[in-house]
Structures are given as structure tokens and as C-alpha cells.
Amino acid sequence: MAAREPSRYMARALPRALGSTARPQGIACRRFASDEAPARRLSSQMDELETASSLEGTVSEDVAKSFDPVAQANSRKTQLPRSRYQFRSPKYYRGPLHPHQPPPPSDPSSRVFVPGPFSSPRAQQTYTSTIAQDILALCYVHNPPGFKPPPKAPRLREWDDSPPTIRTGPSVDRVVERITIHSHVKGAIKENSSWLHVAGMAIQTISNVKVTTYKSKTSVPSWGVVPGRDTCAVKAELQGENMYHFLGKLIDVVLPRIKDWPGIKGSSGDSSGNITFGLAPESVAMFPEIEVNYDMYPPKMIPGCHITLHTTAKADKDAQLLLSALGLPFYGKMIN
Amino acid sequence: MATGSNGARRIVSLLRPSLVDSGVCRSCQQTLGRRNYASAATEASPSEASSTAAPPVLKPVYTINAGMVLSRAPLVTRDLEPFEKAYHFYQKRLNERLTLPFTKYFYFKRGTPADADWKNKIRERRTPARDIGHYDPYGPEAWNDELLVGSRESDPEYQAEMLVQDAESTANNTSQDTSKREEIPRPFPRVTEADKKGDHHSLNRLLPRTLYLLVQSNEGYWKFPSSPVEKDESLRGAAERTLVQSAGINMNTWTVGYHPVGHHVYDFRHPRPGQATGTTLHGEKTFFMKGRIMTGQANLSANMQNLKDFKWLAKEEIPQYVLPQYFSNVKNMLSDR
Amino acid sequence: MALHNPLRRTAATITNSTTTSMLLSSTPQTTGPSTAAATFICSQCRHATLLRRPKRPYTFTQLITLSDGSTFTHRTTSPAPVYRTTRDTRNSLQWNPSSNKLRGLEDDEAGRLAAFRARFGRSWDAAAAPPSAIAADPKDPVAQKAAEEAAKAQEQAAQEEEDNLLDLISSFGQEEASSGKKKKD
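Residue numbers (full-length UniProt numbering), protein chains in the order written: chain A, 1 to 336; chain B, 1 to 337; chain C, 1 to 185.
Extracted from the complex, chain A is given alone in its bound form (with noise of 0.2 Å):
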């Protein structure tokens, strides 16, 4: 890395010495005869490329009604080997040196793959079509050229060798990352494993995504919560296209339902970015997934729920700011 530094500066600051003209762009545009072997052009490897699309090529018209491939299936007389045209990837994993090697998880075939997107979300779309430019608008500092910004204490302590994981300088790039929802089931301490099998079915229903279970790491003798014994929380993760969907689901059509709901309190957050809230049992039960069947749940036992909106900002008022825009509101004092 130390290396690579000044060989970088080289790199900056050699053609503008050495260059004669105020623009050292200049000598990479002129030619030389070496530069039309067609080896080395650039248009020859265009050429091999596709310019039309597929999707816009132009079939006659009784061509494309004549095509009917399960016919043409059904009229073969000789069928290929089943193993030659259906590739099974292997069911484990033995190392990279064995000959059976499963395919890439992008690859359909891969047992792992999981297909995806299905559609382009709406908040996604507000996201990047208004909201991005907006904040970028909003929240652009320029510096004067010769300007230093005072130095600041890290956050937190100085990482040395590898990747840096904590967030450091002046950023506008703001996007909820992840949402996480957690609920603590305090009747599966209590009572039996019913109000588990609940609680992860109503969170599972909402967020489209499977739920991970998990046992408390900590003893609280006056909850009964023993160690390692008792699973007590259900999570749920959600990514990408799953949590565009649940996040304009949410602003749309749960929290407007909820009587008297003030908003988010200003004050939450885990001042990096973090903002969690909690929706209690009677809120949950207003995502129109339960609502569909909600006999199927016993009513008592509709969990609660906290959802945790990880975001990439790197205070809470930039948080903040992001999920405002988003259609989030926020209530009392805001604590950075």
C-alpha cells in the first residue's frame, strides 16, 4: 500500500511535468501506426457485440404463430440422455480441488440460487428518482479549495491493517441498507412454544422472509430467562426487493392506521444511523397480511414487534433526514 502511493503521484504528476502543452490529455489522443493493428482495436471487439436487442427484432408474422416448442417437444422421436441436458448441481460442498464443483450461486441451477428481482419497487423508485438528488442538494458542503477541515477524534478506534469499518469522512450517500424486525416473545419464556410458532409465522407474513429464532444469552431471574435454554426472540432480515416493499408497505398502509401514532420519537437511533421503532401487538395486526386471515392467529398471541431501519448515513440526523423524506415522521426533540 505504501508502495503503491507514490507510484500513483508518478503516475499524476509525470505527464504533467513532462507534457509541453497546458493539457496533457493531449498526448493520449494522438495515434500512432501501432495503434491501428487491428489486434488492438477497440472497434474489432465492438464488432463481434450485438447491437439489437432481441427483444426489438422483428419476426414475420407466421413464423412466430407456427412456433409451438411443446409440440416440437412432443413430436421428437429421440429423446438426449437425462444427464446431458439437466445438470444437477452436488448437494455438498467438498472443496476446490474435487471434480464436482457446484455452480456459482447466480447460476439457477445452484442449489443456493435464490431468483430475484420479480418487480422494481415504488419506494426504490421515489428513492432514486427524487429523494437521492434531494438530499444530495440539501446536504452538499463544498470546501473552498485550500480548505483543511479541523481534525476530529475518531469514533472510533483506529483499525490498522485491514478493511476500515468505521465510517469516516463527509458522505451524502444515504440509503436504508437493511430493516431488520425483532420480537421478543415473552410467553414462549412463560408459557409453551405456541406463542413462538405465532410470533414467527405473523413476522414471516409480513416481511416475506423466513425467520431465524434465538435463545437469550443473558440470565434475568426475575423474567425466568435462563441461558441458553429458552428461545425468546424471532428475527427477521430483510434485503433488497423484500425491503423496499415491506418499508412503502409500512408508510402507505400500516402507520396511518395506527390511532393517535405520533410518529417516530426523535430520539431514537444508536447515533450511527440506526433507527429502531416498536409497533405493539394491535399495530402489527393491521399489515394486510394478517388482516387477510387474521382467525388464524390467536389474538393474544399477535406478537409486538421493534424494526430496526439500518441505514448507511452515518449520524442520525442524516437518518433522520432520509427516512423523513421517506415518508417516516418524527416527534419530540431530535437527538443527534
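These are calculated hints, taken from the structure and not from any lab test.
Bear in mind that the values here come from a model prediction, so they are computed numbers and not experimental data.
The beta carbon of each residue, even a glycine, is placed where N, CA and C say it ideally should be.
Take the hints with a grain of salt, since some may be wrong.
Chain A is nowhere near these chain C residues, computed Cβ spacing over 12 Å in every case [to be verified]:
hint, residue
1, Asn100
2, Lys101
3, Arg103
4, Ala110
5, Gly111
6, Arg112
7, Ala115
8, Phe116
9, Ala118
10, Arg119
11, Phe120
12, Gly121
13, Arg122
14, Ser123
15, Trp124
Counterexamples of contact, computed for chain B against chain A with all Cβ distances above 12 Å [said to hold, decoys possible]:
hint, residue
16, Ala116
17, Arg125
18, Asn172
19, Lys196
20, His201
21, Asn218
22, Lys223
23, Asn303
24, Met304
25, Asp309
26, Pro319
27, Ser328
Below 27 Å or equal to it, Euclidean Cα-Cα: the simulated DSS-like pairs (lysine-lysine) are [said to hold, decoys possible]:
hint, chain 1, residue 1, chain 2, residue 2
28, A, Lys186, A, Lys215
29, C, Lys55, B, Lys104
30, B, Lys109, C, Lys55
31, B, Lys285, B, Lys331
32, C, Lys55, A, Lys210
33, B, Lys315, B, Lys223
34, B, Lys285, B, Lys308
35, B, Lys311, B, Lys223
36, B, Lys104, B, Lys121
37, B, Lys331, B, Lys315
38, C, Lys55, A, Lys91
39, A, Lys317, A, Lys333
40, A, Lys333, A, Lys265
Following the hints, position chains B and C against chain A.
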């Protein structure tokens, strides 16, 4: 390695111009360099600059204008590309084979009319999903998951229509009285009256796009509303005043931030004498603030900026109206969508 | 250790699933020699990692119609094709704080409040409502008419009150003025 890197660093420090500080970004470095040339070339006051040791003070040879780029945010989601539609559709059919099966008895109680209706529909379309057409994910023809040319199943409008039709038929099949037919309202069209008529004054046109307010001066030039900044006035204040003076007060607007989002420099062909004595104006610099319109509409009837017309335009329509040089300066602050 | 950790987890899952349920996947923390020693189907071996198929619930596309008629689709586990909201961001006070209609100011469509005011005046109002609020709903002819009547009645009442005051003041020695006013009434 240590000696090599030290040597390289020394060479770099020698090569690096003294003016340039490592804390300054590259574009600012270029600006700094250019500013030196410019101050020498404009012959602002060479005698003064040489006499005083202080950095040269440029005379205000440009008029400073404040402009407002007033935009209406997109109101509906964008139209998907054909590739996106095909991709989403293909992923949905893949998903049919790969997710857990739908737990029917959790949602439909055995023996209810809803259950019977659901069974009928599943027999017909072979899959719980309504928006992927006729497809059996577990049958012998599950491999046949690609759409044929000209089929509409991947179209979002078609999928929404399928959902509404399904809801209607369910409501009709499960209700007791057969006399009344349930009617579920369809989604509103994405193309409005203003689109069909080509009404550029309306804010209801081009719903999936960002619209920008452009005004036409009496001389016939199209531009964003802008006017010179007055004394003791901030850029944002001047932009807001300009907007009120040109497009009226019947708009609920929000100025985004205190920083300009772009600028446009216009050089006069011949320097003109300015209002103040002894100055010659070389041109005008316009700094654009960003604004959003929430409600209301522009009204030029009482404008004080010599304007005669206004239009709400998307980004691709703007070059038909403004000068090419103006557009090349403003295009990067306009949203693509 | 890192390689055969997932396999330990599968063992824990299978023992868990007997006690909890199929829909809950395993917890990463539960790795213990006692659970790993239980009997299960997939035998643990050091040189192979099970590639577990990710489990995801079935999702439908649902069309949501908001109260103002705007629609959007989303992916959901609910099998209902269309969901129509009654209360959402378009008609909730929290999201529309400047809407007079949602704040309930002068929102009597039956005109009962206006009728009450026509009869007894506005002195019973909790707080002094802005006078412009009377004509808040120009679309509703009944309410508007009632509001006009209320305004007229209020004006009349004010006039009467003023007259009474004037009578009290001018009761001494100014009969002709008061009699003229009485005649007018």
C-alpha cells in the same frame, strides 16, 4: 522497497507544482490554475495587483444572476424497459419452482365458498400466482417457461388487469346474491388528457418524468426563471424572489438547500457598460437553485421579468427550446427521469 | 473449524425442529456437543459442506389501491389479489397536517353544526374559529347554504345586541331615537 518508495516520493515532491496542495482535489487545482490565467488575461487591474501584495481582487465584470430550476417530481413509477419486464417475468416463473409451496389451508378454510373458488381457479391456471399466465411449475412441461413473441404476460398493465379480474370473479363467485355484479375500479391510466392534447402548460403531463419550468422572455429566448442578484441578497433569496416575480405567488414551492446545483456563464460578444460607473460587463453568470413545486400553477399575468410564456418540460424536450450552449451547461443538473 | 460449522448447524436444526416448528430456521448460536451428538439423517463429515436450499415463503403480486385511487403493486404473502385501504397517507392527518378537512374543521356534511350555530350563534365554539372556515366546503350546497344562514343569523344577533346596548345607554332622554329603532324592528 523502502528506498525505492522514498526515491519515488522525492521525485514526486519535486515534480509537484508548489501551488498545489495535496488536500485540494484535482478539479479545484485546475480551477485555481485557471483562475490565475484568467485574472491576468482580463486585465482587471494589473497596476493595482502589482502594487499591493494582497491577492488580486477581481472586479465584478460579470452580472451575477440567480435562477430557479423549479421541478415537479415524478408522480408515478417509470415505464419499465422491455428487458426489465422480461427479466422480472422470467424470475417469477423460476420462483414458482423454487419457493416453498403456497399453504392453502392457512388462508382458505375447507369447505368455504372461497376455498371452492380457489380450487376452480387453480385447476384452470395451474399455479397460485395470477400474473404469470398459464404455467405449471411442477408438471412435465415446466421447462416451457419462456414467453412467445407477442404475448402480453410480462406487461405490468396486463398483470394488474389480471389481478383485478381475479378479485372481481372471486367476489362474484363467493357472494350470496347473484343479481348484483361486483365491479372493482381499474387503475387510472398512466397517460393523461394533457399528454394526448400536448398541453405543455399543464402539470399533469408526463407523469413518470420530472418536469421543469421554463419561461420565455419577450425577446423569444427560453430559459429557467432568473434575474440579477440585488445588493444584500442571498442567492437563495434572490432565486425565490425571481420565482415569485416571474411565475406568481400561486405556487407552493420548496427551495432545496442553500447551494446552487449548477451554473451557466454567458459571455457578451462585446463588453457592455454596466449600470455602475466605470465597469464594463463581460457577460453574466447564472447560478441555479433547485426547487420543487408541491401545489399550484405558474401564472405569468403579473410578471415583472418581461416574460411572455412558460412551459413544463421534461429533460429531452428542453433542447428543442433553449440554445445549445445553454443546454450543455444546464443538462447535468437535470434529472434523467 | 469454519468449514464444518454449517454442518453442526444442520444437526442443531434437526434436533430443534422436533421441539419448535418447521417454519423457524435454526439459530446460529446453538452449537454444542450435546446437540451435535443427536441422531439425524445427514451424517456429518469433515470434507463436505451441505449446500442448503434457501427457504422462502410463497409470494404473490398484490395490487394496493389507496384511498385517493392511486394504485401500486407489491410482493406479499397474502393471497388476496387486490387490497383497498380506507386510511392511508393520503387521508391521514399525520401525513397531511395542513389539511383543514382532515383536521375536522367545519366538517359537518349534514349541516347540523351549521343549524345549531344559526340558532344559537358561535359563542358556544370551543376556540374562535377563523371566519374563513365557514366557507370551507364550497362543493356542498347544503352546508354552504346553512353556513350563509348561520352568518346572517349571527349578523342579526349582533345587531340586536348592539341595539340593546344602545337602548341601555340611551334610555335617558332620547326617546325619539330609540322609538325609531323599535319601529324598524
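Status of each hint after checking the structure:
Against the 12 Å criterion, Asn100 (chain C) stays outside the reach of chain A, whose nearest CB is about 18 Å from its own CB. With a cut of 12 Å on Cβ distances, Lys101 (chain C) stays outside the contact zone with chain A, its closest approach being about 15 Å. At roughly 14 Å from the closest C-beta of chain A, the C-beta of Arg103 (chain C) stays outside 12 Å, upholding its exclusion from the interface. Listed as a non-interface residue, Ala110 (chain C) keeps its Cβ farther than 12 Å from every Cβ of chain A; the least gap is roughly 24 Å.
The Cβ of Gly111 (chain C) lies farther than 12 Å from every Cβ of chain A, with a closest approach of about 28 Å, so its non-interface assignment holds. Residue placement check: Arg112 (chain C) keeps its beta carbon more than 12 Å from all beta carbons of chain A (closest about 25 Å). Separation of Ala115 (chain C) from chain A is adequate, the least Cβ-Cβ distance of about 30 Å exceeding the 12 Å criterion. Non-interface status of Phe116 (chain C) relative to chain A is upheld: no Cβ of that chain comes within 12 Å, the nearest being about 27 Å off.
With a closest Cβ-Cβ approach of about 33 Å to chain A, Ala118 (chain C) is found to remain outside the 12 Å limit, as its non-interface label requires. Every Cβ of chain A is farther than 12 Å from the Cβ of Arg119 (chain C); the closest lies at roughly 33 Å, confirming the non-interface assignment. Remark: the non-interface label on Phe120 (chain C) is consistent with the geometry, its nearest Cβ contact in chain A lying 31 Å away (cut-off 12 Å). Even its closest Cβ contact with chain A, about 32 Å, leaves Gly121 (chain C) beyond 12 Å, as expected for a residue assigned away from the interface.
Every CB of chain A is more than 12 Å from the CB of Arg122 (chain C) (nearest about 28 Å), matching its label as outside the interface. Annotated as non-interface, Ser123 (chain C) keeps its C-beta farther than 12 Å from every C-beta of chain A; the closest such distance is 30 Å. Every beta carbon of chain A lies more than 12 Å from that of Trp124 (chain C), the smallest distance being close to 26 Å; the non-interface claim holds. Annotated as non-interface, Ala116 (chain B) keeps its C-beta farther than 12 Å from every C-beta of chain A; the closest such distance is 17 Å.
Chain A leaves Arg125 (chain B) outside its interface by the beta-carbon criterion, the shortest separation being 17 Å against a cut-off of 12 Å. Distance check on Asn172 (chain B): its Cβ is at least 19 Å (rounded) from any Cβ of chain A, clearing the 12 Å threshold; non-interface status holds. No beta-carbon of chain A comes within 12 Å of the beta-carbon of Lys196 (chain B); the shortest separation is about 24 Å. Here His201 (chain B) stays apart from chain A, with its beta-carbon at least about 23 Å from theirs, past the 12 Å limit.
Look at Asn218 (chain B): its CB is around 31 Å from the nearest CB on chain A, clear of 12 Å, so calling it non-interface holds up. Every C-beta of chain A lies more than 12 Å from that of Lys223 (chain B), the closest at about 20 Å, which supports listing it as non-interface. Distance check on Asn303 (chain B): its Cβ is at least 26 Å (rounded) from any Cβ of chain A, clearing the 12 Å threshold; non-interface status holds. With a least CB separation of 27 Å from chain A, Met304 (chain B) remains clear of the 12 Å interface cut-off, as annotated.
Separation of Asp309 (chain B) from chain A is adequate, the least Cβ-Cβ distance of about 27 Å exceeding the 12 Å criterion. No Cβ of chain A approaches the Cβ of Pro319 (chain B) within 12 Å, the least distance being about 20 Å, so the stated non-interface status holds. Once the 12 Å rule is applied to beta carbons, Ser328 (chain B) is consistent with being away from chain A; the minimum gap is 19 Å. Straight-line distance between C-alpha atoms of Lys186 (chain A) and Lys215 (chain A) comes to about 12 Å, which keeps the hinted pair within the 27 Å bound.
Straight-line distance between C-alpha atoms of Lys55 (chain C) and Lys104 (chain B) comes to about 17 Å, which keeps the hinted pair within the 27 Å bound. For the hint pairing Lys109 (chain B) with Lys55 (chain C), the CA-to-CA distance comes to about 25 Å; that is within 27 Å, so the pair holds. Restraint check for Lys285 (chain B) and Lys331 (chain B): the C-alpha separation of about 16 Å stays at or below 27 Å, so the hint holds. Distance restraint check for Lys55 (chain C) and Lys210 (chain A): the Cα-Cα separation of roughly 7 Å lies within the 27 Å cut-off, and the hinted pair is therefore satisfied.
Restraint check: the Cα-Cα separation between Lys315 (chain B) and Lys223 (chain B) comes to about 13 Å, which is no more than 27 Å; the hinted pair holds. Of the supplied pair hints, the one linking Lys285 (chain B) and Lys308 (chain B) holds, its CA atoms being roughly 23 Å apart against a limit of 27 Å. Between the alpha carbons of Lys311 (chain B) and Lys223 (chain B) the distance comes to roughly 10 Å, so the proposed pair stays at or under 27 Å and holds. Proximity of Lys104 (chain B) to Lys121 (chain B) is assessed by CA-CA distance (about 13 Å); at most 27 Å being required, the pair is judged to hold.
The straight-line distance between the Cα atoms of Lys331 (chain B) and Lys315 (chain B) is roughly 8 Å, inside the 27 Å bound, and the hint therefore holds. Simply put, Lys55 (chain C) and Lys91 (chain A) have alpha-carbon atoms about 16 Å apart, close enough for the 27 Å limit, and the pair holds. Taking the CA atoms of Lys317 (chain A) and Lys333 (chain A), the gap is near 11 Å; set against the 27 Å cutoff, the hint holds. At roughly 8 Å between alpha-carbon atoms, Lys333 (chain A) and Lys265 (chain A) fall within 27 Å of each other, so this suggested pair holds.
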